[in-house]
Amino acid sequence: MVNRLNPIQKASVAIILTGMLLIVAIPLMCFVTVSFSNATEMSQFPKNLFPSGTVSVLVAPEENNRYTVYYDYHDGNGWTSIITLSDAKKLERHFTRQYAVTVPGEQLLKDFAATRETGEPRVFTYRKDTFYNFTQFFKIVPNAASGLKNSIIVSLLTILISLTLGSLAGYALARYNFKGKQQLNVGLLIVRMFPTVGISIPMAVLLIRMGLFDSLIGLAILYSIPNIALTSWITSSIFIGINKELEEASLVFGGNSVQTFLRITLPMAFPAMAASSMYAFTTAWNDTISALILTQKNQTLSLVVYKAIGTTSSGIQYAAAGSIILILPALVFTFIIRKYIGQMWGGVSM
Amino acid sequence: MSYLEIRDLQKRYTKNGPLIVDHINVSIEKGEFIVFLGPSGCGKTTTIRMISGLEEVTGGDILVDGQSIIHKLPRDRGVSMIFQSYAIWPHMTVYDNIAYPLKLQKVPKKEIDERVREAARATEIEQLLKRYPAQMSGGQRQRVAVSRAIVVKPKLFLMDEPLSNLDAKLRVTMRTELKRIHTEQGSTSIFVTHDQSEAMSIADRIMIMYKGNIEQVGTPMEVYQDSATRFVAEFIGTPPTNFLDAKIEQEEGFLWAAGDGFRYRVPQRLASAVEPYAGREIDLGIRPEFMDVSPDMTRTDAYLCDLHVDFVEPQGSHAILITRIGSKEIKVHTVEHMNLTPGADVSCNIRKDMVMFFDKETGKRVR
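If you read the sequences in order, they're chains X and W.
Under the numbering used here, residue 350 is the last one in the first sequence; the count climbs by one each step, no gaps.
Under the numbering used here, residue 367 is the last one in the second sequence; the count climbs by one each step, no gaps.
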């Protein structure tokens, strides 16, 4: 396909591809690497581009059953002495914290005993516990687990509210003529214009009055505001495209209006619903600042990660792992839904 | 009492707006195949939609088996419908499409299966049951729509321009098919179309509508040979009826219809009807095939005029001669003189009693 493009088109494709690589792919790669790095790797410079799966240490036998552990920082100084220990507990803790290697201390001592036979130092290679940072994120950061749960609940509630109200509004806009339809259309756009943070403060007052402050449903309502508008826009354009005869056929062949909407209209508008639910999901899942204003105890995951990044001086790799946890569901959700959105832009075949 | 009775049916889309359907009265017998025919905007689709319940009735009544149905929901009327766009649901398989009405009626699963297969067999789509509509051709989708319509065993079978989305060849096969299914099912069918040849070929009776009014109801032969109004004469038949502006004159004890380039003696049978028009203008209509041309210039009692052939359009089984009477273009259908060439001069006599006179103001037939 590229061969058929003219030089200008080729150049712009090249610029876009390299741009994407530089701006998106490489930083993301580094970020992923950080989230899989152990503490020792974090103090290394330059950092690896790809996450390493194993850790190599040099162990030399010492007197009194002690061992000296050497580590190579790849800074040109070769093996550097790190620690000298004989206690299994302490060894285990050192390996876990510094190298993310979760091998029992007794096992380590047993392995190291091999150096006693020759009296020479030897290199040992251990597998890293790949998801150490991730489990650690939930252990160290307060509210992380409940934050994940809250985020999921808020996102689902947002999807539910904005899809139910939005699609009904969209259907009305597409199918019926009523006074003020034009104004309503513009009104929906205007609602969309307000940044959520802008309405968070008045919302906070309102929610406190309604007793919904610091509650998940309160957050979901806030996130739904712009998404109801968006959903009704997206779905109404799809509903307009659905031939009215398809609904009429259902009415003639035994359906009442509710059955017709649920069995005929809604399934055909599914791509639009999928797209809208994706927008609703990303709004709810990615928002931090409204959650910061509107919650105290019931924090969402993005807020938890935000605070983790803001408050840690060391252990940034745990925050990175938290960010990955935050990104992953959004990615997965988008990929699942992508195929339906493709259908929507490709048109629903009648 | 007839099976379906339409009484004074009216429809307005907006309050105080124009009557789209203007006091229609018609009765349809059980087992009949009736075609609503007319140009677009004549109210035929609105009428069928009012029968199906998709459109509200402004006034009048619709009776099926002596019972009014206008206050019933579409699904309670015992009708089934084939739509112009087929209206088969793209997100369901063919099987589910056909089974949908039965599922909503809570028919037992086993019976659904039997009836769906039976309906599919009737339209020869048994092998397509697992497919989705997107994977089928227009003709196949049409068959699915027909299957779905017959599976419910309706009292009335409504078809709203079902063939207009098909290509010309398929249209001809499908209309025969529809007629066959109608006969096999023994159903009562109403078929809406704007294609007069389609209407002629399948209808038991045709109801011709124009501007919300019924122009004529009759068998295809009746509406063709004995058109009740000028509109019907013009609408039915290809090429359409030739019209001439004539003035009725009384001379030599006969009535004459004379105009620009012709003079025709009004047949005895019509004399009394035409007489009141003496001295006034009238529309004279003749079907192209009832104009007998003769190259030997013979003139009979029903002599109209001499014609100069401008063009000849050979059609194989017959030829269409394009000529001129006065300044009006006239088409003549001939079987005997297909070897005529442009430039030939012929005389033209009207076949016995096949002339039609229409009132200029009302458009009604004078007879």
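Think of the hints as simulated: they come from the structure by calculation, not from any bench.
Please note that the accuracy of each hint is not assured.
Computed footprint of chain W on chain X; a stretch qualifies when at least three of its residues, placed anywhere within it, have a C-beta under 8 angstroms from a C-beta of chain W [unchecked claim]:
| id | segment |
| --- | --- |
| 1 | 199–213 |
| 2 | 249–263 |
Ranges of calculated distance between the beta carbons of each label pair, as one might list FRET restraints [stated by the list, open to error]:
| id | chain 1 | residue 1 | chain 2 | residue 2 | range |
| --- | --- | --- | --- | --- | --- |
| 3 | X | R175 | W | T362 | 40 to 48 angstroms |
| 4 | W | T341 | X | N6 | 53 to 61 angstroms |
| 5 | X | R175 | W | N165 | 19 to 27 angstroms |
| 6 | X | N185 | W | K106 | 35 to 43 angstroms |
| 7 | X | G198 | W | K106 | 50 to 58 angstroms |
Source: prediction; values computed, not measured.
Cβ coordinates follow ideal geometry from the N, Cα and C atoms, glycine included.
To see whether the hints hold, each was checked on the structure:
1. 199–213: violated (count 0)
2. 249–263: holds (count 10)
3. R175(X) x T362(W): 40 to 48 angstroms: 42 angstroms, holds
4. T341(W) x N6(X): 53 to 61 angstroms: 59 angstroms, holds
5. R175(X) x N165(W): 19 to 27 angstroms: 23 angstroms, holds
6. N185(X) x K106(W): 35 to 43 angstroms: 41 angstroms, holds
7. G198(X) x K106(W): 50 to 58 angstroms: 52 angstroms, holds
In summary, the one numbered hint that this structure violates is 1.
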